[in-house]
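2 protein chains.
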Amino acid sequence: MPTSGASTLQTARERFIAQWGALGSAWGINRTMAQIHALLLLSPEPRSTDEVMEALAISRGNANTNLRELVTCGLCRKVVRPGERREYFEAEKDVWQLFCTILRERKRREIDPTRTVLRDCADSTRGLRDAEGRAVHEQLKALADFVELAASLAERVAATEQSKIVPAMLRLLG
Amino acid sequence: MPTSGASTLQTARERFIAQWGALGSAWGINRTMAQIHALLLLSPEPRSTDEVMEALAISRGNANTNLRELVTCGLCRKVVRPGERREYFEAEKDVWQLFCTILRERKRREIDPTRTVLRDCADSTRGLRDAEGRAVHEQLKALADFVELAASLAERVAATEQSKIVPAMLRLLG
DNA sequence: CTATACTTTCATTTTGTTCCGAAAGTTCCG
DNA sequence: CGGAACTTTCGGAACAAAATGAAAGTATAG
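Protein sequence lines correspond, in order, to chains A and B.
Position 164 of the first sequence, counting from 1, maps to 164 under our numbering, and the rest follow consecutively.
Position 74 of the second sequence, counting from 1, maps to 74 under our numbering, and the rest follow consecutively.
Simulated from the structure, these hints should not be mistaken for lab results.
Do not take every clue at face value.
The list treats identical chains as one, so a pair stands whether inside a single copy or across any two.
When the alpha-carbon atoms are kept at most 27 Å apart in a straight line, the in silico DSSO-like pairs for lysine-lysine are as follows [to be verified]: (1) LYS93 - LYS107; (2) LYS78 - LYS164; (3) LYS141 - LYS164; (4) LYS141 - LYS78; (5) LYS78 - LYS93; (6) LYS141 - LYS93; (7) LYS164 - LYS107.
Kindly generate the complete structure, drawing on both the sequences and the hints.
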């Protein structure tokens, strides 16, 4: 007996949504937000707030807040359909685009502030002459340099087309 | 009037600890754990539980739990000093080692489970014949492939010496 | 202008996390 | 043994984040 297509689809969708939510959670992102994103990633057509509410069993306020946030950070778009008042939302589907958006956002929120602090700290301890001061300065400098490298790399990667980068990655793997 | 070396050092240390804590927070890591790690990163000598408690103004239980966790995930080591009962802790200081440890840990906790789910979902939707089923399958497959690539890349990078990778990165940037 | 359909906001409740410190456990030494 | 020095565990207090749903706001059609 062949598996029902509808339930297969539904099961896969649910597993993916759950996992994407868990991943978001590990990244310090609101779980619901990640789940909405997952739902929209797998939706061939844009979805309305009400459809999102229904699919994930969440409240209107919750859905609204997180949809808005998804739009803000560039992972989703609002779609208006001619003649319809209701708003729809769709996710950016291209995986490389998605990756770049996430990369940029995380660089901005995580790497950049850290880089600033590390540079300041390394600078301010540069003049220290005692053993501990020197050791701390060296450690800070090593960290600062690394984060600096990470920042340039992230920026460069996020600005490159998939077709240019993926082969380079594969070469690195070879 | 020259700045006091001691307070300069103290200020830099505190800023760094605060920032590292914030970064940990964004990564879904216990803030205190990240702060302890920061403190140890900047400590030329290993520190005892009591020193950590005092420096960060945290309780014994809290310090103990998080130090243990840091050891578990390979970011710190327990150090026993001959003739002393008290335990000391030190962080891995080498920045590239540190990066690799974090990379491996995050791959294990974030990428691997996601990869499994994506593969399963992509497989189970392979047979679908209606428009929506096909679209969903394609999207899942694109995500699965990307995560697969990320996994190999992470593995490869974490297993490579700094001297081999950093030049390659810089070339990528050039 | 009004009724209606939809969106947004916000005070409140719910849920989840972190931290503390007391108590129990372990190890070591005389 | 016994007890001193230290480590680990654990229940719950304190805090932080997320979700709810009702109320307020806004646009549209008639």
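Right, here's what the structure says about each hint:
{"no.": "1", "hint": "LYS93 - LYS107", "in the structure": "both (21 Å within a copy, 23 Å between copies)"}
{"no.": "2", "hint": "LYS78 - LYS164", "in the structure": "neither (30 Å within a copy, 45 Å between copies)"}
{"no.": "3", "hint": "LYS141 - LYS164", "in the structure": "between (32 Å within a copy, 21 Å between copies)"}
{"no.": "4", "hint": "LYS141 - LYS78", "in the structure": "between (44 Å within a copy, 25 Å between copies)"}
{"no.": "5", "hint": "LYS78 - LYS93", "in the structure": "within (14 Å within a copy, 47 Å between copies)"}
{"no.": "6", "hint": "LYS141 - LYS93", "in the structure": "between (40 Å within a copy, 12 Å between copies)"}
{"no.": "7", "hint": "LYS164 - LYS107", "in the structure": "both (21 Å within a copy, 24 Å between copies)"}
In this structure, only the earlier hint numbered 2 is contradicted, and the remaining ones agree with it.
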